[in-house]
Amino acid sequence: KVLRVLGARQRLREEWAARPELRHKYLHAPNVLPTLVRGGEWMVTYPASCEATLSLQYLPTQVDEAGTGQAVFDEVERYVREAVAADGWLAGHPPEWEWPCDIVPAEVPDDHPVVTAALEAAAAVGRRGRISGLDSWHDAAVFTRVAATPTVSFGPGDLARAHTVDECVPVDDLVDHAAAVALVLLRWCGVA
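Just so you know, the sequence shown maps onto residues 7 to 198 in the working numbering.
Note that these hints are calculated values from the structure, not bench results. No residue lacks a Cβ here, since even glycine has one placed at the ideal position from N, Cα and C. What you were told as hints is all true, and nothing was included just to trick you.
For each label pair, taking beta carbons as the anchor points, the in silico distance ranges come out as: (1) A72 to E102: 22 to 28 Å; (2) Q16 to Q76: 20 to 26 Å; (3) K7 to A185: 52 to 58 Å; (4) T170 to R17: 25 to 31 Å.
Using the sequences and the accompanying hints, generate a full structural model.
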């Protein structure tokens with residue numbers, strides 16, 4: 007039965023990808039991704055229950071007036087409930103939902119002074135900075151949303167290698183980045 011639920015999740019994901027209002031210049035469409043599935047007690051029996059953990063990633067434009075993703079949570083629940091309603095067993099035993107953590111996305115305008123400062127500092131140390139989006143959670147979102155302090159992620163190395171088995175940063179990248187961060191701080195504080 008969990009396959010029906012996960013299939014509905016996949017169809018919702020595809021629908022989100024096709025909706026024009028869910029297009030963003032730097033980020034992918036919203037995503038609801040199964041990250042953990044648990045069920046069963048033995049390989050030759052049908053599981054009596056199953057639990058799936060889903061990672062929900064949504065766009066900054068989907069944050070509601072209260073600063074949460076509750077409308078997105080509600081859409082996921084409604085979509086899955088309607089999609090599995092034709093299954094007699096699931097209609098009588100609908101999926102139960104818990105949303106223990108709302109990872110609220112954030113963004114900073116391209117022309118914000120902190121963005122400009124980071125790009126200029128990268129150029130000053132001979133590096134090419136770029137504006138992009140990050141489809142996973144990171145600390146900058148907390149500072150931007152919760153502390154109302156516009157924050158960018160600005161770091162060395164190749165982001166494609168982050169959190170991988172062979173994650174590493176070339177020493178030259180690290181040294182240049184340290185100089186760029188120092189320059190951002192000096193300029194931001196009016197010292198340089």
